[in-house]
Structure formats: structure tokens, C-alpha cells
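Visitor: Chains as they are written, first to last, in the numbering used here: chain G, 1 to 317; chain Z, 1 to 317; chain P, 1 to 279; chain Y, 1 to 279.
Calculated from the structure, these hints are not laboratory results. Some hints could be false.
Distance condition first, Cα-Cα at most 25 Å in a straight line; then the derived BS3-like pairs of lysine-lysine [said to hold, decoys possible]: (1) P/LYS70 <-> P/LYS252; (2) Y/LYS252 <-> P/LYS74; (3) Y/LYS252 <-> Y/LYS70; (4) G/LYS246 <-> G/LYS171; (5) Z/LYS145 <-> G/LYS246; (6) G/LYS163 <-> G/LYS145; (7) Z/LYS171 <-> Z/LYS246; (8) Z/LYS145 <-> G/LYS145; (9) Z/LYS171 <-> Z/LYS145.
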Amino acid sequence: MTSSLDTREEEAPALHTTCGGIEFRNPVLTASGTFGYGEEFDALLSLRSLGGLVTKGISPQPRLGNPPPRICETAAGMLNSIGLENVGVEAFAREKLPFLRSCGTRVLVNFFGTTFDEYVDCGARLAALDGVDGLEMNVSCPNIKQGGIEFGRDPTVLGDLVKACRAVVRKPLWVKLTPNTSDIVSLARACADNGADAVSIINTITGMAIDVRTRRPKIATVFGGLSGPAIKPIALRMVHQVRREKIPIPICGIGGIQDGIDAIEFLLAGASCVQVGTQSFVDPASAERIVREIEEHCRAQGVSDVGELIGALETGK
Amino acid sequence: MTSSLDTREEEAPALHTTCGGIEFRNPVLTASGTFGYGEEFDALLSLRSLGGLVTKGISPQPRLGNPPPRICETAAGMLNSIGLENVGVEAFAREKLPFLRSCGTRVLVNFFGTTFDEYVDCGARLAALDGVDGLEMNVSCPNIKQGGIEFGRDPTVLGDLVKACRAVVRKPLWVKLTPNTSDIVSLARACADNGADAVSIINTITGMAIDVRTRRPKIATVFGGLSGPAIKPIALRMVHQVRREKIPIPICGIGGIQDGIDAIEFLLAGASCVQVGTQSFVDPASAERIVREIEEHCRAQGVSDVGELIGALETGK
Amino acid sequence: MRYFDARVIENRSLGGGYFVLRLGGCESLTGSRPGQFVMLRGDWGRDPLLPRPLSLLSVAHEGRADLLVKVVGKGTALMERSPPGSRVSVLGPLGNGFPVPSADVADLLVAGGVGLPPLFMQAESAGRLGMANGSEMLYGARTSRDLVLLGEIRALGIALRLATEDGSLGRRGRVTDELEARLDHWRAAASPRRLRIMACGPREMLWAVGRIAQSCDIECYLSMEEQMACGIGVCLGCAVAARTRPYLYVCKHGPVFPAAEVMAYAPAASTSQSEGGAQ
Amino acid sequence: MRYFDARVIENRSLGGGYFVLRLGGCESLTGSRPGQFVMLRGDWGRDPLLPRPLSLLSVAHEGRADLLVKVVGKGTALMERSPPGSRVSVLGPLGNGFPVPSADVADLLVAGGVGLPPLFMQAESAGRLGMANGSEMLYGARTSRDLVLLGEIRALGIALRLATEDGSLGRRGRVTDELEARLDHWRAAASPRRLRIMACGPREMLWAVGRIAQSCDIECYLSMEEQMACGIGVCLGCAVAARTRPYLYVCKHGPVFPAAEVMAYAPAASTSQSEGGAQ
Ligand SMILES: Cc1cc2nc3c(=O)[nH]c(=O)nc-3n(C[C@H](O)[C@H](O)[C@H](O)COP(=O)(O)OP(=O)(O)OC[C@H]3O[C@@H](n4cnc5c(N)ncnc54)[C@H](O)[C@@H]3O)c2cc1C
Ligand SMILES: Cc1cc2nc3c(=O)[nH]c(=O)nc-3n(C[C@H](O)[C@H](O)[C@H](O)COP(=O)(O)OP(=O)(O)OC[C@H]3O[C@@H](n4cnc5c(N)ncnc54)[C@H](O)[C@@H]3O)c2cc1C
Ligand SMILES: Cc1cc2nc3c(=O)[nH]c(=O)nc-3n(C[C@H](O)[C@H](O)[C@H](O)COP(=O)(O)O)c2cc1C
Ligand SMILES: Cc1cc2nc3c(=O)[nH]c(=O)nc-3n(C[C@H](O)[C@H](O)[C@H](O)COP(=O)(O)O)c2cc1C
Ligand code: FES
Ligand code: FES
């Protein structure tokens, strides 16, 4: 707002972007699990200034989550093991959606199940709700039938899951990939081949921390998901690997974004939009600030449309 | 030294440890590529105070390495793409080994090849050298025959490589695993099944960073290896995953260790010894300090033998 | 609840690692309730990354807010070194706070170590309502060095009883010993006012206070701590096992809980005692 | 080369983001050569992680060492804010340094922006050897605000010629324009002393200086910069493409290189000029 006063109107860089069938005012979304259901942040930043928000992951039924301690800090990051606690589809529709419908920004609902059927059921029910602009499928959940291995770790399992959900979801369907893989490209390809509209890269990386005095894990479930600036180089690499292989669906880049420069790194690496996660804890107004910083960067570098940045990395090859 | 004056002699905790067929004065080694060939650190700390050191990776022939820029800093970490530059076996034996023979600590030589035969050749020649206490095989090198995929990424390829080297190496043979995998346990098992004496966990994680002004990667080769405190939670998790599965060979823990507490986290997670890498750049005397801090922790916690800590994590299971 | 920049206007060391950080620019904290807290972060880069939860010690006119902090790690060490003029980000006021003082209730405010701030503010608020002299504060710590702001507490007009584990000031023993003694006294005195306990301090102390209150059937509120990331109920990190729901959140449903709500999952007395004693 | 703790004893701002950090406790730096550098790290946790390379500006008796620093990012910003008394870790002296002044050689010391320190120290050393008046320093920057320590340089007894891109002080233009003018002058003067050039500054400037020296066949030394992690030749991070070997290391073989050694891989003049000009 303030910055548009500094310069003539016509110079304002175009920030809108399209990703996975959804048009966004600008490329900055907030990440699942770090922004609640939006409401709590209404007093802290202008939701209308954001490209969009992604809700906490929803499952068909409410879930209780894991015992505490659930989080701990690490070097430039944090571990969490919330255990996918959430209110369930019904309570979401009843209690959270009314606010989201009028919050003034795009709403993606992150969802998951513990079985194939739960995924399909959950996707179908959420997609039917008014006020939901799109779905983001969290495939980093333990597949009980496969000995607890994440659904999203095997390209074949993942492809089947995407196909099944795609068949019932008539809204934009994004798939959020797990970084606990040696081959992110195959996972992205499995999504593209089975009808996903976009891939979100990345979810948290499995990690752990130990309290040496008590000799116990700092997280009750032993392992937790690592997020924050620490993982940015890994996330950026995965985004670029997928982009380089010309997988034919767009990418939403996630992982350790703290400021506009970080966000632009993801755009250059090939993301069409980004999500801000842990940084919303560090600085609850950061997502709005990041929009401003991207705009300032565009002005300073003479970029008239943020789309020019997407995939514009020069590798000299 | 100083601290042993504070307390009666008999209270000094026993720090020696055995890992992969080598006895160490204490569990603190320095990591390959971050400690040169030892000589440079002679003026900065007491080499005799260390458990051991691991040399820069050696290949059969000298290698030039990658074009600059080769390193950049990231949040609580750094990326490097040195390109495995080294002096080669011959020059190593002639120019570096004489110093190492008399440096007063255990010497492991890190080595690699670009083909199966090069690995075997390199391992055999290094193992034959007097003054080499053991070998650490770096399998995070691109396998040209397999389209540049790291040798160490596929358990079958890795197992074959370990077997081939094992046949010619009559000294302790450690294998340093790549973290760019969805299944560290299978990699460790392939090593154990094929005669390795220990596994070193972990090497750097592939990452990237972008200079948004020039739109170029900050590392000339686009991708580089992430190291430093940022990766510690991931490294610790992998060590513990391998330990939990009762793979029958010991683990050397590596990744982001900055102080004695970090080192003890690795011991509790299941490592028999640790390596200090990037921290030697942050604080060149850190390895010696870490030995002291481990000793202090043992005293404070009434641990009479550091061996009591190995794998002593209590997960309540 | 607001998110804003404030400035350190005074940083007063109390010795023993304790210090009072006086912030200016905290107009949005006016009207905060005792027991509420803020998430605070200095201008210190990424290490540490997350903001730190700190209870309000006192909130005055003209946007002044005081925090009492003890150095325990990186974040608090950086705060201790913040000179006047330093910029800090503040999110608050957060959480629920203690029940308001009431004329027919005598409050026993039980503070352990750095658990003092919310009870200090509660006493201050009681004083403002003219109810301080009906209540008393029991304040315990390891040594006399850990008992801070004694003059300031007395100035609030509340009766103050101290306990130190080493006997260097007040009763030798735990603050819960003092609590039991005072409960005996109150029962003997047969005061017409109903008794109520509010406590903040180390977890073992809280469990002990909760058990005492339960055994005497006295209304009791405990201010809990958990690791926090967001402070506003979105990360779901600060869960505590509870009676009415599987988990409640310290930042959103607390930090102050009726003891019965959280005592269900407290360890048995013996364990906790020996754990505490092993230190 | 030693690794030791030092203290900031003075931190003098020169405006424009430049400041002189005076360190105490640097006895081990006594005898350092102009062009040598240190790896420096403050007491600031993990952000930033790696120490920062800084050239020596001056090393005095009693363990005093001066550094001239310009704020460009996190590390230098933290250094700028370090009050006297702050602890810093120092590794040094590192690298090779410039050739020593010699009676039969006239040195042209070419400094661009914050490339001043090694040339300042070289002039200081020449002064000490009584050879300063044979040499001259050419010092250029964007604006007059970026030309610092002018009084101190003059006090060394060396002739000083300035250039600014905006013409706010000295010649309007680049320091390399001034260099060409001076070379014309020296040739015209037909001095009996052999000419030698030593330069430190932005990479484009170094390439330009190197090209001028090559075209006039004058002995020339360039002090190079690269990203560094260790400073002692073990990480192999600071490689520069070289003539006699595929790569040399700035920290170990440099930072000062004979121009011919590193010019082989310098970009062609036109590119570099336009790149520089595009700023
Ligand atoms: C609601 C609430 C109110 C609080 N009020 C005060 C107060 O008024 N004054 C005060 O001095 N302290 C208060 N604390 C505790 C304070 O938040 C921690 O001491 C602080 O976060 C430690 O940060 P650090 O970086 O110094 O320590 P770290 O380096 O992070 O850790 C040091 C130790 O403190 C523990 N710790 C770290 N973060 C927390 C946390 N969020 N909660 C509990 N323990 C933690 C760690 O497990 C570790 O053992 C409060 C905590 C909560 C939850
Ligand atoms: C041998 C040598 C001597 C030097 N002497 C001086 C000196 O006397 N005074 C002075 O002010 N500066 C000097 N520098 C440059 C100084 O090291 C960098 O300005 C500093 O490291 C930047 O750190 P930062 O954290 O402030 O910036 P960052 O936040 O790390 O980065 C800001 C910018 O500086 C660049 N940069 C970061 N690190 C380096 C590095 N090691 N080398 C080159 N560029 C870097 C980054 O690419 C980025 O563009 C010297 C560099 C070298 C290699
Ligand atoms: C506390 C917490 C809870 C999260 N919950 C979810 C979730 O419910 N579903 C999901 O797909 N990702 C979840 N994530 C992952 C984030 O959306 C994001 O992918 C990850 O944190 C990396 O981004 P960051 O580094 O910016 O935080 C969660 C992350 C955190 C820190
Ligand atoms: C500059 C640099 C060079 C390295 N070179 C090698 C190498 O030659 N061989 C190898 O196996 N690992 C190499 N490594 C990896 C380290 O030995 C170590 O596994 C990794 O850095 C993680 O540990 P850290 O976080 O403590 O640094 C290198 C790391 C760095 C930072
Ligand atoms: S701290 Fe995030 S929910 Fe309580
Ligand atoms: S900085 Fe490590 S080799 Fe030069």
C-alpha cells in the first residue's frame, strides 16, 4: 500500500500468478499447520494481502494428536510431531469454513486419511464444500497397511492414491510431496501422470533431537518433522529437480522461507507460488511482509510481472 | 588436562571407544574434507587429544575439482561442491602420510572412485600403506555408468561395491552413507551384509541456493552438499533408525556437531563415535574442546565410561 | 492480542541470572490480566529462531511493561544482554490469566523461582482492588539469591512468606511445606473467607501444590509451561493432557488451568518427589 | 598462524557503513605482512555460522590490530554493532601478503572501496622502511563517502590520488582511469625506478588493473576475494582458476597473486566493462 504511493501507479509490478488451476493475487500462501484456520491471524496481518492460505490438515474424523512434548527447537529450525490433530471434516465445515468464506483470500484445504478410502472420502467431502478453492493432499502420513511407511514415499502407491482422489475431486487438487525420498522427481511424475493439478514441495523432513540429561527424545514420538530455514537448501533443490525434468504440472515451493528473497529463490528455481510455514511463528506478520518484499524486489530489478521470475534460474546449461 | 587436576585421578571417566575394528582414545574424530590431511590443524589444537582424524577423500589419480564458486553459507549450514578434488593416492602416500604417521592420533583415509574398479584399486593401495589405521569409503559419488546416480543410493549396487572392496582391504573398512535416501536402514544393512566394519552416518545432503540478483546458483555446479548444524536432526534420526534395527555393525555419527552435547546426542542415538565436520571451520579448535565437554558431561552425570552412553536413549518402548 | 515492536527502556539485573526487562511502546498490553503472557523475540537473527514465552510482571500506563526473566539458555541470555534502546517484537497479551480477586476469597499465591511474575501481577491487581491484605504470597526457591523483588512484593501490601531449600532465607524447605503450614494455620483460624490457591513454578512444584489442594479440597489454579512455537493456538505444539478433553493448549486454554483439569495426568507423588529430590 | 580470542577495544564509525575495529590481545599478529588477513567471528551464535575474512589494516605493538570493515551483510552488521569489550575469535595471520617494498621499485598501490586495508598496511610498511615517498596510492570509490581514512593515509607519507565515480572527490571516474594517467606520467618522467602495481578492490576493478598492467608490461599483484570457510587451505572452497595450476586457493596461495597467474581466466575487457557499467 505505502510503497505504491512512492511510484507511479503504472509501474506497480504484476504479482498475480496461477498455480494448479487457481488464480492468486500474489504468489505468497501460508502453509498447512502453521496458520491454523486463518482466524487467529486476522488480528495480526491483512489476510486480503495474501495470495492464499492452506488450512491445517483435515481428516474425515477428528483426531487427537500425539502426546507432549510435541515440538522442540533446532538450529535454524524446529521439530514437530503434532500427530495430525484436527477437528475433522464436519466440524471444519461447520466451525471454520464460515470465517474462511469471507476472509478475502484463496483457501486451500489440506487433507489426509489413514487408508485409501479415508483419503477418497475426505477429498470428496471437502471438495463439495462451498468456499474451498482447492485441496492439498498431505501424503506424508503413515500407511497402516504398508507397515507405517508414508503413502507418499512410493511412486506407485502415490500414483494410485492420486488417481483415486482425482476421480472424486472436481476442484483443483494439489499433492504435497514428502522430502524423505531419494527421488523427488518420480514422486512428482506419479502425481502429474495421475491427474494432480500441482505439487507442493516440500513437507517436513524426518528428524530427531535428544535431551542428553534425561536421555529421552525431545519429542514424545521420538521422530518429528523438521521445518524452518535449516531445510531451505534441500527444499529449493527438490523444487529445481522437478522443474528441470519438465514435469508438466506447476510447483508450489515450501521450506524455510523467511523473507522476500527466499521466496524469489523458490520462484527462480521453478515454483509458481510459495508457502510460508514456520516463519509465521517467528514473525506472525511475515507472509504479508514477504508479499511487499517481493514487490520491492521486482521494482528494484525492473521486473514488471512476477511471472518472469518463475523458473528463470540461469544455470548456464 | 586442566580438568583432571580438579578431580582425583581415579574419577576420570573412561573415554576410549572401539568402532569398526579401531580403538580410539575418545569418540571424537574429525570429518573428511573439513580437516585437510591434519597438518594445517597442528598449530590450532592438539592432534593427540583427538580420537582420530579422517582425511580428505582420496582417489586413485589426482582430481582437479569443480569451478568456483564452490561454497556458500546457508541458515546454520553451508553448501559445498568441491568436486572431490584431491592429490591422489601416490602424492598422498608421499607427501601427506609421513606427517600423519607421527601425528599421534588414529588416521582413517576417506576414499572413492568413479568406477567399481577405481574403488577397488584405491582401497587396495591405501590399505597397503603403513600409517593408515582404516579406510572410510565415500559412496556419495556419481556413478557414471548409472547415469550419474550416487553409488551409495541403491542397496544392491552399494552391497556389491562393499563386497568388492572388502575382498582387497584387510584393514578396517567403514562405509560413509549418503542421506539422500528414503531408506537409510537398507543401505546400512547392505554394508553389514557385505563385510563392512562400520557405517559413517551421514554425508552431506544435496541442496542448492540462488543469488536472486544474478539469477544464478550460488554454487557453480548448481547443487552442493549441505552440512552444519542445520542437518543435525536429520543425521541423528538416521543414526537412530539404523541402531534401532540392530544392524550388526557399529555407527560413526556425523552431521552438525558443534559441541559436547551434540556429540552425546549422537552417542545416545546409537553411534560408537562421532566426527566433527563444518564446526572445524567455525571454530578450528572445536574437536579438542568437544572431547573436554564430553568428559565434563560424564563427570557431571556420574558416567564412568563413555560406553555407557552408546545407544542409551530411552524411548519408553 | 496485537503484534508490535517495542523497545527496551531499562534492563535491570537482579543478580543470580535474574533481570527485569522494562519495555516501552506496549500500549496494546494495557488491560492485560495477571497470568497472561507475551511471545518475545529480539533483533537477533536466526539463533534462536522462535520467540520466547514470558509472563507479564507488570503493565503500567504509557505503554510500559515489565518482564522478570531468568537466564536459562540462548534466548534469555540474549535478552539479558539487550541494552536500552534494543528493539523487540512482542505478541500479546496471550492466554487466559488467573481468576480476578474477590472480596470473599482469600488467595494463596504460590510462586516457585521464576514463576513469580504472574503472581506478582495478581498481587498488584489485588492491591489495586484493595484486596491485597486478605491474601498472601508464598514464594520459594533454591537459595536466597533466587528470591527477587522482595521489596517490590512487600510494597504491594500483600503478606509475604518465603522458603528456600538451603534455608538461606525464610523457611528451610520447599514452598509447598510453607503452603501446608499456612493451610493448617488458615483452617485453625477458621476464617470466614473461602481459600483459593494460585500457583506458578516448576512442574514438580505445581503437581505438589495440586495434590495438596486436592487433598484439602481447595479451589486451585496452576499456571503451566510447555514448549511453544506460536503462542496463539495454531501450531498445536503446547498440548497438555487434560481431563475434559484429551489435550488442552497452554497458550490458548491456559496457561492457567483449574488444577483438576491437568492433575489427572500428573505423576504419582512418590515419583515426582524423588525426581525433584534427585537434583 | 594462531587461533585466539581477542577483544574489541574501540569501534570507530567512519560513516557510510565503514568502521574501524580495533582489537586488543592480538600479540600473535605481530609481524603480519601487508595483504595478510584474519578469519574473524564474534560471539553471536549460529547466525551467521562461518567466520568472515578481513584484511589487516594495521598491526601495532602491544597486541593491537586494526581492521577496516564495510557493512555488506549479517556478519559485518553484527561487527559494526560490537561494543568495546566484545569478544571475537581470530584466526591469523593468513595468506601470503604483498611483496616487500624495495628501494629500486616505485609501487603504485591501487585501492578500490573497501580494498583499502592491505594497501594501507603496505604503505605503512613502506613508510617504516623509509620508502613511502617513492610510491603512491591511488584510491577510488563510488562517492566521497566511500573514501575513508584519508588523513591517516596522508600521515603515512605516501602520495595519495583519489577518484570517485560521481566526481565528489578527486578525479571523476574510476581509479583505473587515474592509474592510466599516472602510468603516462611515470613513463614521461622516465624515472630510474622500476614500476610495480599492487591492487585490491572489486573483481571488475582488479581485472581492469590487470589488463592495464599487462598491456604496459608492468609487474602487477592482485589481492583476490572468494567465499571462504576455513581460511587455511583445507576446505578447498576458495578456488580461483589459475595459469600454473588448474586452481589456486585464495586463502593459502593468495590472497595476493601475480596478475598473470589469475588473469588467464579473467573475462574479456568488453564484458567486464559493460558489466561494471551496468551497475
Ligand atoms: C506461558 C509461559 C510463561 C513463561 N514466563 C516466564 C517468565 O516470566 N520469566 C522467565 O524467565 N521464563 C518464563 N517462561 C519460561 C521461558 O519461556 C523459557 O525459560 C525460555 O523460553 C527459555 O529460552 P532460552 O532460549 O533461554 O532457553 P533454551 O536454550 O531454549 O532452553 C533452555 C532450557 O529451557 C527449556 N525451554 C526452552 N523453551 C521453553 C519453553 N517455551 N517453555 C518451557 N521451557 C522451555 C529447554 O527445554 C531447556 O531445558 C515462561 C514459559 C511459558 C510457557
Ligand atoms: C581475503 C579477504 C579479505 C577481505 N578483507 C576485507 C576487509 O578488510 N574489509 C571488509 O569490509 N571486507 C573484507 N572482505 C570481504 C568480507 O569478508 C565480506 O564483506 C564479508 O565476509 C561479508 O560478510 P557478511 O556476513 O557481512 O555478508 P553476507 O551476509 O555473508 O553476504 C553479503 C554479500 O557479501 C558476499 N560475501 C559473503 N562472504 C564473502 C566472502 N567471504 N568473500 C567475498 N564476498 C563475500 C556475499 O556473496 C553477499 O553478496 C575480505 C574478503 C576476503 C576474501
Ligand atoms: C507445527 C507444524 C504443523 C504442520 N502441520 C501440517 C499439516 O497438517 N499438513 C501438512 O501437509 N503439512 C504440515 N506442516 C508442514 C508445513 O506445512 C510445511 O510444509 C513445512 O513446515 C515446511 O515449511 P517451513 O519450513 O516454511 O515451515 C506442519 C508444519 C509445522 C511446523
Ligand atoms: C568442504 C567439505 C568437504 C567435504 N569433503 C568430503 C570428502 O572428501 N569425503 C567425504 O566423505 N565427505 C566429505 N565431506 C562431508 C563431511 O565429512 C561430513 O560428512 C558432512 O560435512 C556432515 O558433517 P558436518 O555437518 O559436521 O559438517 C565434506 C564436507 C565439507 C563441508
Ligand atoms: S504454542 Fe502453538 S498452539 Fe500453543
Ligand atoms: S577458505 Fe578453505 S581452502 Fe581457502
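Visitor: Does the alpha-carbon distance linking Z/LYS171 and Z/LYS246 stay inside the 25 Å limit?
Guide: Holds, at about 24 Å.
Visitor: Tell me if the straight-line CA distance from Z/LYS145 to G/LYS246 falls inside 25 Å.
Guide: holds, 24 Å
Visitor: Can you confirm whether the C-alpha distance between G/LYS246 and G/LYS171 stays at or below 25 Å?
Guide: holds, 24 Å
Visitor: For the pair we were handed, Y/LYS252 and Y/LYS70, check the Cα-Cα distance against 25 Å.
Guide: Holds, because 24 Å separates the two Cα atoms, which is no more than 25 Å.
Visitor: Holds or violated: are the alpha carbons of Z/LYS171 and Z/LYS145 at most 25 Å from each other?
Guide: Judged against 25 Å, a Cα distance of about 28 Å means the pair is violated.
Visitor: Verify the proposed pairing of P/LYS70 with P/LYS252, using a straight-line Cα cut of 25 Å.
Guide: Holds, because 24 Å separates the two Cα atoms, which is no more than 25 Å.
Visitor: Given the hint that Y/LYS252 pairs with P/LYS74, test it: the Cα-Cα distance must not exceed 25 Å.
Guide: violated, 35 Å
Visitor: When you check the alpha-carbon spacing of Z/LYS145 and G/LYS145, does it fall within 25 Å?
Guide: Violated - the C-alpha atoms of G/LYS145 and Z/LYS145 are around 37 Å apart, more than 25 Å.
Visitor: Just to be careful, I want the Cα atoms of G/LYS163 and G/LYS145 compared with a cutoff of 25 Å; is the pair within it?
Guide: The hint holds at about 18 Å.
Hint compliance for this structure: hints 2, 8 and 9 are not met, and every other hint is.
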